[in-house]
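Q: What follows is each chain in one-letter form.
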Amino acid sequence: MLRFALRRLLQMIPTVIAVSLLIFVIFSIVPGSIASSMIADGRGTNDPKLVERIKQEFGLDQPVHVRFGNYAWSLAQFDLGTSFRTRQPVSSMIGERLWPTLKLAFAAMCVAIVIGLPLGFIAALKPGSLLDSLTMIGAISGLSLPQFWLGLLVMYLFALTLGWLPSFGYGDGGLRNLILPALTLGVAPLALLARTTRAAVLEVMNADFIRTARSKGMNSFRLVKWHVVRNALVLVITTLGLQFGSMMGQAVVVEKLFSWPGLGSLLIDSVGLRDIPVVQGSILVLVLCFLLVNTLVDVLYAVIDPRISHG
Amino acid sequence: MLKKLAIISTLSASLLAGAASFATAEEPRSGGVINFVAPYGSSFSSLDIHASAQVQDEFWAKAIHRSLYDWDANESKPVLELATDVSVSDDRLTYTYKLRQDAYFHDGKQMTADDIIYTYTRIMDPAKAYPAAQYISNIKGATEYNEGKAKEISGLKKIDDFTLEITLSDPIDPGYQFMPNYTAIYPVGAAEKEGFFTNPVGLGPYKFAEYVPGSRLSVVKNDKYYDTGKPYADKVNIMIMGDASARDVAFRNKEVDVSVLGPAQYVAYKSDPELANNIMEVAEVYTRHVGFSPDFKPFQDKRVRQAINYAIDSDLIIKRLAKDKAYRASGWLPVSSPAYDKDAKPYPYDPEKAKALLAEAGYPDGFEFELTATQNESWGLTIVEAIIPMLDKVGIKVKAKPVESSVLSEAVPGGDFQAYMWSQESGPDSLTALRCFHSKTPQASCNYTKFNNPDYDKLIEAARQAATDDEKNDLLRKANNLLQEEAPVWFFNYNKAVMAYQPWLHGVQPNSQEMAIQSYEKLWVDDTVPAR
Amino acid sequence: MGLRFNLVIGGVLCTLIIGAAVLAPWLANYNPIMDADLMNAELPPDAQFWFGTDAQGRDVFTRILYGAQVSLTVGIGSQLINTTIGLIFGISAGYFGGWWDDLVNGLTNLMLSIPSLIFALAIMAILGPGLVSLLIALGLTNWSWTCRIARSSTLSLKSQGYVQAAKTLGYGDGRIMATQILPNLIGPVLVIATLGMGDAILAEAALSYLGLGIRPPQPSWGNMLTDARELIVIAPWAAIFPGIAIFLTVLGLNLLGDGLRDWLDPQMRTRRA
Amino acid sequence: MNGALLEVEDLRIDIGSGESRHNAVENISFSIDRGETFGLVGESGCGKSITALATIGLLRRPLAISGGSIRFKGQDLRSLSAREMRKLRGNRIAMIFQEPMTALNPLSPVGRQIAEMFVLHQGASWHEAERKAVEALASVQVPAPDQRVKNYPHQMSGGMRQRVMIAIALACNPDLLIADEPTTALDVTVQAEILKLMQELCDARGTAVLMISHDLGVIAKMCRRVGVMYAGHMAEERAVADLFRTPAHPYTRGLLGSLPRLGSRGAHGRKRLQEIEGVVPSIAAFPAGCRFEPRCERATAICASTQPGQTDLGNNGFVRCFHHG
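Chains as they are written, first to last, in full-length UniProt numbering: chain A, 1 to 311; chain B, 1 to 532; chain C, 1 to 273; chain D, 1 to 325.
Coverage of chain D stretches by chain A, computed from C-beta distances (three or more under 8 Å per stretch; other residues unrestricted):
#, region
1, 86-92
2, 95-102
3, 107-119
In short, the hints are calculated from the structure, not lab data. All residues carry an ideal CB built from backbone N, CA and C; glycine is no exception.
Full structure from sequences and hints, please.
A: Below is the structure:
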């Protein structure tokens with residue numbers, strides 16, 4: 001199992017290299033620069049000398065291949081560079097923001113799993129029932145909502161109208177501030193998970209070994225507990241891992257809306273201000289998170305399904 | 001006019017708030033927690049204010065730091081802050097400051113002339129490109145130091161611990177140069193010390209307490225602040241809240257004590273009987289305009305530029321779209337400028353005249369141009385969307401070209417536009433603002449429309465040399481009116497900043513520079529503040 | 001929720017939206033850009049302005065109709081690009097195998113590992129806001145599923161001897177891929193594209209919110225929603241109707257996609273991620 | 001026939017409901033004595049598996065019993081509650097399925113899947129049940145059973161897996177074992193071993209068997225009596241010896257004709273009925289009269305309009321055909 005995990009980890013390397021190359025290329029041709037972003041709000045005057053000095057300090061006046069060389073060389077030493085805007089190491093800036101994002105993603109996943117998984121199960125166990133229909137209509141609706149719109153709606157409902165929860169921000173890092181953004185971010189994976197679970201359970205329920213299990217004379221509870229859950233999970237877990245990626249993307253929107261101090265809002269700010277090292281670093285870290293989660297999923301998959309690890 | 005406006009609105013606010021609170025308004029109460037907002041973005045860039053160029057960072061800097069001068073919001077002028085007295089030489093180049101002897105940094109060290117020299121020298125660090133350098137570079141020898149040609153800044157001279165002599169390279173008002181929060185004074189050697197930028201130390205009324213990146217920065221009362229009796233509140237939480245809708249909800253939810261309002265919210269708050277009581281309106285020093293490129297043929301003709309000014313119903317846009325959250329521009333200098341011409345008339349809405357002018361200029365059927373703008377609701381695509389049908393009526397087709405703000409601020413100084421829409425600082429120093437249209441000012445700096453008019457240049461030169469303020473303002477007024485006549489831009493409006501504050505918050509100041517940047521030490525909360 | 005329910009409701013919704021888009025010039029009473037009378041700004045829905053007016057005094061109903069054109073263009077256009085790229089890469093990789101297959105596989109993994117919204121954001125930052133940029137950004141970032149399915153189907157067809165049989169008849173590679181393999185892929189690819197259209201419309205809204213969507217004054221549901229966001233207290237209709245339009249369209253596409261999938265191949269159910 | 005272990009009478013199974021309701025199986029009657037092995041033979045789709053599932057109470061929607069009775073030890077199974085039925089199922093009536101590849105849970109060790117039986121029906125603890133599972137596996141002649149219990153299905157061959165199935169089915173010494181094509185998916189050599197094993201174990205336990213197969217050879221080897229099903233009807237029911245000697249139904253004759261040699265299968269694995277023209281009609285298109293009529297060479301006008309009744313052939317045998325003999 002350890003070797004399997006190691007092998008999967010090693011397989012990440014080419015992807016990581018390709019991603020870092022790609023984002024370097026993209027952000028070396030993007031218009032605008034850190035210098036121009038400094039006067040973007042019309043305050044002060046544009047000081048051409050300052051612009052020159054800024055470009056010099058950050059090596060932006062060097063030709064592309066030299067810049068790429070420097071970038072690749074630092075990356076090879078696990079150095080993400082220095083932020084143009086703050087002059088702090090990118091890694092420490094990302095370090096500050098990573099935990100809130102992971103917390104948000106984790107909480108959203110929890111929302112999705114805690115609600116979506118059982119809902120999908122129940123729907124599948126009574127296919128065609130009212131509950132099943134409602135769940136599936138709800139699920140497909142959940143997948144059809146623009147996320148920031150949904151966020152705005154829950155914000156108005158739970159924070160403004162009902163006054164139950166704070167509407168924004170990180171607070172002291174507690175649960176109260178986490179609920180609304182996690183809910184907003186969790187709705188799409190929840191819906192998808194409910195659908196996937198339902199489909200997976202239906203598929204398993206039609207399997208031959210379920211008929212065998214029935215012929216043993218077990219009740220539905222034991223049938224589900226002993227034979228359906230694990231088999232359905234195998235099908236669900238893969239979806240969950242892949243879903244994590246698009247959730248990392250959606251986190252950008254949700255973090256911005258809820259003023260959540262995560263990697264997503266750091267990324268979107270840095271794109272706007274053309275703080276390129278931070279942009280590159282953030283994307284790289286997001287991709288790494290995604291790859292790690294999917295490796296974890298693969299390992300989990302192997303743990304659950306003996307056919308993988310033995311084969 | 002501005003001052004009156006601000007005073008009237010605060011007055012009416014406190015009157016409306018009722019007699020009870022009026023009584024308490026007399027006597028500031030100490031204690032309590034203020035939840036302030038930093039609304040211009042979703043993060044602070046760093047805790048090194050010299051390295052920043054973003055208003056957003058002034059929100060925390062204003063609490064922790066102090067600069068040599070400060071902005072007097074009520075008088076709308078720079079005033080001495082860290083000095084008690086200043087004398088100026090006859091050539092108006094050398095200033096001698098008597099520094100205050102009761103100023104202590106949060107770590108207990110007393111402030112001396114060395115700290116100021118250290119700070120200004122650091123800002124000009126040859127190895128770094130600190131944005132704050134633009135304010136310091138007017139000190140004699142600063143540029144040489146920055147370019148590595150000198151070992152120190154020759155214009156900075158310590159007479160004794162509490163006497164500092166600063167020599168400028170140009171006879172300009174140093175108040176505007178040494179007032180910005182970006183030039184905050186650090187204790188000697190602080191920036192080289194480990195941990196200064198995670199736990200900054202300053203001279204301000206509040207001490208750094210905690211920073212949750214991207215979320216909030218908290219400061220606590222500095223008991224040794226030199227202005228005795230202040231600050232009032234025990235703690236200020238500065239919440240980072242870039243999203244206007246989220247801010248709106250938070251404010252209504254009483255989670256924050258202030259909110260900066262957009263046009264739509266301004267209307268909503270004004271029509272809400274409760275919220276309407278506590279709104280502060282301030283004429284800020286930004287002029288919103290559409291600049292015309294002199295390289296684009298039709299715009300080389302003054303009549304075309306004027307025609308556009310006639311063709312757009314600016315008043316209607318301000319009334320309906322900006323929801324009266326702006327003052328109609330009748331030239332470049334804003335309402336709060338001492339050189340503002342109260343009698344100047346803005347271009348009236350007259351599409352017939354516009355058509356006639358266009359025909360005269362040789363464009364009876366109009367023409368098409370591309371207008372580069374950002375998403376901004378007050379000086380971006382929202383306004384452009386309203387202009388398009390208006391100009392269409394006189395035959396001018398406008399193609400909107402949306403860009404990100406950092407792309408606009410590269411394209412405009414680079415001259416890469418046919419027309420652009422932007423908001424440009426037009427104060428507080430009127431001379432600085434109008435110098436942007438001097439023919440010697442390069443496009444890359446701030447003469448974005450490459451304005452070139454010898455008469456105008458003469459007026460500006462004269463104003464620079466003017467002996468008295470009245471004389472100077474007179475000349476600037478003339479220059480401003482000339483500018484309006486020449487119409488290098490469509491004069492849209494001057495920003496009216498609007499801030500809503502909770503009924504328990506008092507001491508809000510009408511800061512025309514940037515209303516949301518408040519002197520925290522003057523704010524206080526009464527006992528109706530919710531428990532925090 | 002039977003098969004028929006999905007197909008019928010999804011089909012009806014999609015037909016309505018397509019109808020709205022195509023017939024916009026005839027159904028709308030106003031011009032979506034030029035008929036902006038600021039005196040009529042933020043009027044609530046009435047007999048004259050069915051969905052009210054926005055901050056610019058434009059008819060929200062009209063703009064939603066024209067917005068349907070943009071949303072459908074974004075949906076269909078981006079999926080055409082995605083599908084074409086996915087099919088070309090997928091079929092050729094499965095067909096030729098070898099280093100090309102490895103390369104395409106690597107590329108697909110790369111695409112899957114960068115969240116597509118962030119990728120699209122980066123591309124939009126280079127190209128600047130606008131419809132064409134959006135089509136490119138969304139068209140370049142979501143082809144990996146099509147590619148994967150095309151590749152695996154090609155491999156399975158190859159193993160079933162179709163390809164060998166065609167080769168013995170003297171068909172060229174291109175012809176075999178086009179005539180023997182492609183037709184087998186139409187079903188699953190259609191399903192992915194239908195579902196992808198909904199995702200593209202949602203992505204347009206998200207990018208608009210982040211300031212990188214369709215260029216105003218051209219109406220798109222995403223920028224209408226973003227613009228009206230702050231009006232929600234004083235003119236909620238300007239925000240609610242575009243939101244509903246997006247919701248119903250994406251819902252319709254999702255239902256249609258689901259229905260198609262169940263109809264074409266019940267086995268595909270669990271494959272979507 | 002009183003005292004028979006299983007009595008199926010006039011069993012009728014429908015598929016679907018309302019407008020789209022069709023008959024799948026009707027007028028099925030047969031009985032099995034204690035310890036007896038009864039065969040059901042027919043092409044795939046003729047309703048034999050459905051009949052078997054009905055017997056063990058595992059019919060699932062859209063299939064449902066709509067008439068007749070199934071009596072086990074004199075008790076009508078249709079009147080039992082779900083809970084009572086679960087007590088019988090696995091415990092007194094067990095079943096073996098066709099696909100050993102898919103009939104076992106791939107994610108569960110085989111030992112545990114056997115042990116479940118003891119936990120379910122004998123109230124054993126898991127620990128005790130696992131121990132009994134080793135014994136059960138030994139009884140089906142799996143070598144090194146104490147190791148094999150830990151194996152997952154994918155680690156075993158088809159024959160081994162079917163032995164596991166048998167171990168599961170016989171774990172609680174049931175009175176009736178339903179074997180639905182137990183050897184169809186296996187190699188010929190393994191097939192014989194498994195059949196032999198089943199026969200030995202059932203004989204030793206006195207377990208009656210309902211053997212379902214499309215393969216007359218298997219039936220001939222295992223059973224004393226046999227029912228031939230065609231399109232949901234029982235075409236002919238005889239003692240095996242009688243059936244082979246004097247097949248009465250035209251369909252039975254065709255079936256026998258397709259056998260190259262008694263007791264073995266063709267080299268191509270499953271042998272199709274090449275001698276009988278045409279295909280089994282689909283459930284929705286059952287003919288009104290004799291269901292074999294469209295394919296029958298002896299068919300006359302009456303066959304198309306009227307369903308033939310049972311004709312007694314003596315020795316408890318009967319046939320449904322107007323033109324038998």
